[in-house]
Structure formats: structure tokens, C-alpha cells
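Asker: Single-letter residue listing:
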Amino acid sequence: MSKVVCINKLFGAVISMLVLAGCSVTGVNNVTIEDRTIQGNANSPRAVIEQNSQVEVSAFNVRPSFKASNNSTAVNTPINTRVSQQKKAQEVVSKAQKPATIALLNTANYQTNNGRLQAAQSSLERALRISPKDPEVYRSLGEVHRRLGEYVQAEQMLLKGIAVAAGQSNKLRKLWSALAKVRSESGDAKGANVAFQKSQSY
Amino acid sequence: MAKTKKQSAKGNKKAVKAKKRRSRIWRWILFFSLKLSVVVMLFAGIGMFYLDAQIREKFEGKRWSLPAKVYARPLEVYTGLKLSISDLKVELKGLGYRSVKKASSPGQVEIATSRVKIFTRGFDFIDGSEVSQQLTISFNKNTVSKITAQNGSPVSIARLEPILIGGIYPKNNEDRDLIRLSQAPKGLVDALITIEDRSYYDHFGISPMGIARAMWVNLRAGRFVQGGSTLTQQLIKNFYLTSERTLIRKLIEMPMAIVLDFRYSKDEILEAYLNEVYLGQEGARAIHGFGLASEYFFSRPIGELQLHQVALLAAMVKGPSYYDPRRRPERAKKRRDLVLKVMALNDVISDEQSRNAQAKPLSVVKQKSLHKGAYPAYLDLVRRNLKKSYNDEDLSSEGLRIFTALDPIAQANAEAAMRNSIAKLQKKYPKKTRGLEASMVVTDPQTGEVLSVIGGKSTRYQGFNRAIDAVRAVGSLIKPAVYLTGLQSGYTLATVISDEPFAVPIKGSKPWKPRNFGKKSHGEVPFYLALAKSYNVSAARLGMELGLDNVIDTVKKLGFEREMQKYPSLLLGAQGMSAFEVATIYQTIAANGFLMPMRAIRAVTDKNGRELSRYPFKVKQVIDSQSIYQLQYAMQQVVKIGTGRYANSKISPKIGLAGKTGTSNDLRDSWFAGFSGNKLAVVWLGKDDNTSLPFTGSSGALRVWVDYMSRESLEPLEPIIPEGIEFAYIDPKSGFSVDSNCEKSQRMPFRSGQAPPFSYDCGGNDGVNSLDRKTKKPPSWLQRLFGG
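These protein sequence lines map, in sequence, to chains P and E.
Here the first sequence stands for residues 1 to 202, where the numbers follow the working numbering.
Here the second sequence stands for residues 203 to 990, where the numbers follow the working numbering.
It cannot be assumed that every hint is accurate.
To be verified - BS3-like cross-link-like pairs, simulated, lysine-lysine; straight-line CA separation at most 25 Å: (1) P:K133 x E:K348; (2) P:K190 x E:K284; (3) P:K133 x E:K889; (4) P:K133 x E:K284.
In short, the hints are calculated from the structure, not lab data.
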């Protein structure tokens, strides 16, 4: 628990800034946000997603145009800079929305790096129950399965991650390149190449 | 004999000779008893050795069969969690937390209007320990808004202990929770020794003084009032000997007690006693040991019991059924107070402590009040899954710990919804609902975990588990699989299909003539609407065109594992399925085409917490995301404008519920299956004798489903738009793409490049006369414009 609390402290500042920043984003139909900007963010991406989920939104906004993030509006720019500065100070990148998910992803990451893969899997399943639409959870689960040598499950986890990451190019890039790695390790050179090409397209 | 005759004849010599003879007899007796005692001692020696071996074998081996313990999911508390204070209270009550003014030790909770302070007990999970700590949880409108630790620092996530929901018992039905002597509160040991065996720490296994005293009391009373048994003897009686009252048993009890006392320390013997003693009966299940008795009577760990409670447990040792505090509260209280008085008399406690404790009520919890015995259908599912990897012997004796995904809150909601809705239906159709039965399965569509199972109308009745064993015709619940097959074979949501009657010739039988409900034909209908309104003829036509094999293939891909009979009638749901099987299929749809095993068990550990097996989250993509995305849209239309509209009137349309009604032939089964972003539920209503119901899927099962869903904190189903999907405005009547300003135009998703051709006059005839049913058309202007 103390670790979790500690993590929370670390993210405290980030979260509070982003909550403030998040308010300024409301009203902008920005589908994808630069990966880094979501770091530890508790509120703003959620608000954005809810907006886009309205059935009656016009086609422009709902289409998953993956280049949208590069054309970010003026309002959005300061957030990016602000948070990327934060990011430099903070090396661990988490893209989860809820602090609980961030904490669990961090715990899982720590467990994975210590070779406690089963424990990591349990932590990630806890994260999954809380944030089942967070691509990062599936990417981490894929990594655990890869380390366990369970390539079929690793691939499926990543595919599930890709499904939930639709419209978020940064996450898709990571997921596809993770898939390329899994495929190449499992001896599927051709599939690995396809996945790699795909990762480069985002 | 002859000698005796001579003696009597010889008169006065008689006395002298008799004296001699008498002394000879005495000598003989003396000699004989000497020999006898040697033999007896020899046998006793052998006997002692034998008893000693027996005692050691049992005392040092595996003493008890420990039933497997089954736990519900632990409640995870984190900021943003949708949870009401009342739900949390129910959870804490199930865990036996005591509501106090100031929480100062584990197992206590302070409840205010918008804040709850919990002193957790901590728990060893497989992936790590959750420490005992003081958490302050703040609520804002049924959502956890903040959690802080005792030092004020924020806590991002914490787990409460899991609620124990049941066990898997051995044949003798003995159940117990082992405790160490150090875990037993001092008051308990004091009370026990004071009332049962005051000289326990001084005697040598038996207490001659005690026996003498008992005999004196019995003699004076003229009947059997007191037994002089020591705790050691009582343990011997329960532990080693059968319950029949034979003399040999009585005779063997004392030497055994002496051997036991000689062999082992007083504390070791006492600890065994604490775990062995019989303290109650719940149906066939026998409650043994103070550890379990504490949970059984007070619903909390033994370490948290107070003086008046431990006194009651000690009081009950004399006669667990005679002094049963639930059935015989007056007797139990009288005896408890006696224990407290005697404790004060012997200066074990002060007079004041004794008086205070005597003033307290028995404070026994209701039997089966909350969780124990409350989930027969779920436990049945767990047991079936366990049997695949464990034998009965291991399950009932090794003290395994089984961690399940059961969500007591979801289960309580499901049961309440079932009760409430069935009562309404019975009121509406008093006669025709006689014998009405029900089943229900709730899962988390994102993880495949089974959250709750209802196996019959009487949810606590342990019997026929309809959720798993009642295989019933699914009716239109099968249709999503038919339409999904269509979407995978080039159909779009706007493809117009015919609802005109038709017949399928069947070899050696009458042709199959599918009919709509109400026998009405709807002419030409768009694909999505045919599903939303559950038209039978169009579904049958579509299915026949796609081919039965392809439809069966889809059903199997979605997760149905049994063989299916290849009859055309399967297109309208002639195939029988259990609610559980339906849930599996719908879950794959809800999870965007990813098949996941339905999991009731998360992990199994041994009694020391070491992992034995785990049932991890697994996924397998079986259907492409684009087809599923379109199907989900059509299933949302079921709720928005179709046969599931009733849901729309009760639950915010923003949730975007998706589902499907099902009604089998002659109204024998009433089904509804559907999901939000975080809950999937399948409801079946029907009768065990297969007679007709007075309602359809819409007017029956859907009511239960809606009642359940409205009790839950729902996450909206926001299907994620996959790559390769585009949107177009469609005129539902003609199936053309039209301008968004056209009246009745509807926006819907298409596979990229499959949007129907554009009509410039809102779907009227503008030169395009016939529509290719499969609309493999050049890209629409929308696509050309935006480069879809």
C-alpha cells in the first residue's frame, strides 16, 4: 500500500494540473491527444470521450482520423507543452485515466521487472476490471504473456488492446510494435513485418 | 467335594481344618491376584503402548478434514468507484464489521452521512498482502470521491477482505476454521476453564477430585447432574472415540486422557480442544471449533469477540443444541450469565466486568442472514468448475481456498429485481403464472467474469440449477448470430430484405413456413430494422440465403460448444440453450468479437495461501471488429425502437443499452439478453413442465432485466469505432444514403466502401430503380469527399 500511496503523491501534481487543463479542453472535439498528455490524467480525456460518443455527432468528429492529433488546436497546445515538461521529470509513462489503474499498472510493471509474472498478471486483472477500455492494460498483459512464452495469448491481448485503442494513434503505434515483437519471437517473421509496417503507419 | 463330606463327618476337627483351609484359600486368592495383576499390568502396559501410538498418530498427523472455503470477490475501493454507502454497509455487514463511534481496532467501522472510516482487517491475497489499516472513504453522490490513510495521505486503491460465501464439506459434514491458541481471546480460555474444568492446568489428564465432587453431587441429587470429565477427557471422547455410550469406551477414556496429558503440553491439548469441540448444527453441516463458531454465531473473527460473546460460546459447550442461542435464547442467556458469575466468583474477572457483560444481549447474528448459504446456484457453478481439476476428497479435506468472482452487490440486485418483477407478473396474471420459474446470469462483459447466478425463483433453494441445466429454446435470441453472419457476408445495416411469407421444403415432412408474431408481413424492411423489430420471416429468409452451416458456424464461433441440429427452424431459435450458454454468446458480442472463457473462479490456493491453480483472463478474437460494431448498433436499435423499447422508457438512453428479446413457440419461454458497458445479463422465465406463459420476452423477461439494470450503476456502452468503419445517413425505407437533412434519415455505420448509393431526393426514386441487395457499390460521395 505504501508504494501505491507514494505513486499517488508523485502523480498528485500532474493530476491537479491536468484537471485544471482539462477544463480548458472541454468543448473541443479532439479525438486523439498526444500520448504524454494523458499521463496520470484523471478527468479530461474522459470528458472528451463522452462527448464523442454522442450518437448525433457529425461525421467529421467521429471518424477516427488518426492524424487529428497533429492538428491540435491552439487551446490544446499549452497542455502538451506543460505536460511534456512534466514528462521529462517523470520517466515512467502511464496512460491510465484512473489513479487506481495507474497505481496497479505501476505495481504490475514493478512485478514484471522483478520476474513476478503471475503476481503482475493478478495486478493487471485488477486494473482490467477497473479500466477495461484502457489499451495500456492489454499491452502490459501482452508483455506478461510474452515473457511467459505464451505467444498466442500475448498476441490476442495486443489485438484486444488494438481494438480498444482505435482512434488513439500513439497507443496503436505501441501496440502494433509490441505485436511485431511477439510475432518475431514466436517465429512469425511475416506477421511481425506486417505488424511493424502497421505500427509505422501511425 | 468329597473332602468336604469327610470334614462334616469328623465333627470338632472341622473348625481347625476350616481355619487352615481358609488361610490356604486366602493364600491362593492372594497368589492368584498377584498373578492376575502382573497379567493386567502387562496388558495395561501393552494397552498403554497401543493407546499411546494411537493418540500420537492422530494428534501429530492430519487432525481434521478441512473443507474448502469459497470467497466472493474482494471489494476494490478506489476514487471514482460507483458505490453507495448503503452498498458498502451491506458489504461490511457481510464481513462482520462492527459499527462504532470511533474505530480503534480492526473490524470496526464509523459511518457518517458522506464518509465511512474503516479499520480493515487485512488479508493475504495471492498477489500480495493487503495490510490492516484505517481508511477514510469519502462519498459524493454514490461515488467514492476520496480515500485517505490514517496519516492523511491519499490512497489510490485498497481491497477489503473477501466475504466467505460457502464451503465444500466432507462426508461427515464437519466444518471448522482452525485457530491457534494465541488467537483465542483470553476471556474465552478463562471462561472455558472456569466452567468446564477448573483444575485443568493442575491435573494429570483426569481429576479424581473432580470425579469425587461429581459423584457427591450426583448422590445428593439422586440423579446424574454432573460429569467429572476434564477437558482432556472431553477431547479424547470427541477426538478418538465413537459417540456410542459403551462401558469399554468409558473405561478406555481415562487411561487415554492420562496418556495424552503425559505426552503433550496443556496448551497443545487445549488448542486441539478449541478446534475440536462441537458447537452447533446448520442443517447437515456440523459447526466445530470456536473459530468457526465465532463466525457462525457472531459473523466475525474470534479475536474480535467481547467478553459476553466468549462467555456464551463457553456456555454452549455443555449442550450446543440445548443452549442454542438462536432457538433457545433464554436458556442460553441464563447459562451465559452463570458462566460470567462463576468467572467473577473465581476472580477471573471483576464483578463489574461480569455485571456489564451480563447486561448485554446475546448479539447473535441471524442464521443465513446475509451471505452464508445465500448463493447455491453460484456455488454449484463453482463446484462444477472445480471438479474438472480437483477430486472430492481434496476439495473437502485440504482446506483449499477458492477465490471467486461473485459480486454480492450484483447478486443482491439481481435477486431483488427477480422477486419484484415476478411479483408484478403474478399480480397481473394470477392464474397463468402458477409454476413460473426463472433463471438469470450476470457477467462483466469486459472480463468474462460471472458476477451472479440465479438458478430458480427461490434463489436460496439448493436444487435444480436452471441457469446451467435448464436447456430451453432460445427463440429470437439466436437472431443476432444470423444477422452477424449476414454482416460478415456483405450485407449492410441498410440492405433491404424481404419479410414476405415463404416456405422451405423439407424432405419427408411438411414444408417449413416461418411466421411473424401476429402473422403480419412487413414487406421490404431494412436489415437493422428487421432485427430491431424481431421479424421472423425476414430473419428466416436471410438465414436460408446465408446457409444454415454458416449460421451454425457463427453461433459456435461466438462460444456455443454443443452440437447443433441443422434444421431451418434453428434460425428462429429452436435450439435449446441454458441461460449460461446464452450469456457466453452475448458476451462475445458485447466484448467486440473477442471470445472469453466465462470465469467464476479466479484462483485456488492451498490452506497456506500457495497458489494451486489460476483461471486467468484470456481472449481470442473470433469475429472482426467491423461486423460486431454494426451488430451492436442494430442491437442498440432493439432497445431504442424495437422489441426492447420498454428498457428505453426506464433507463437513460445515454447508456445505449443493447440486447435482444426471445420468445419460443407457444410462449413456452420468455428471454431477454443484453448489456451495457459494464454489465451483461441474461434472464429466462418459463415453467418446468414446458407449458405456455401469459407473456412474451418483451412483456416478461425484459421486465426483470430492466428492473435489474436500473438497480446497477451502469457504464454506457460506448462501442469503440474500429478502423474501416464509416457513417452515412440512410433513408430507412429505401435503404439509400441521403442528406442528413432528410426527414427520418438515420445515421448508421458501414464497412468502408459499403455505404449504399446516394439518393438526391431523400430516398425517393431518383433514377436508381433497384438496389443490389448486397450493395457492393462504388464508394459514396461521402467517402470520396473524405477519402474513407
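Asker: The structure should be examined with respect to each hint, and the outcome stated for every one.
Answerer: Quick rundown of the hints versus the structure:
1. This hinted pair checks out: K133 of chain P and K348 of chain E have alpha carbons roughly 23 Å apart, not beyond 25 Å.
2. Between the alpha carbons of K190 of chain P and K284 of chain E the distance comes to roughly 45 Å, so the proposed pair goes past 25 Å and is violated.
3. Simply put, K133 of chain P and K889 of chain E have alpha-carbon atoms about 39 Å apart, too far for the 25 Å limit, and the pair is violated.
4. Between the alpha carbons of K133 of chain P and K284 of chain E the distance comes to roughly 17 Å, so the proposed pair stays at or under 25 Å and holds.
When the structure is compared with the earlier hints, violations turn up for hints 2, 3 and for no others.
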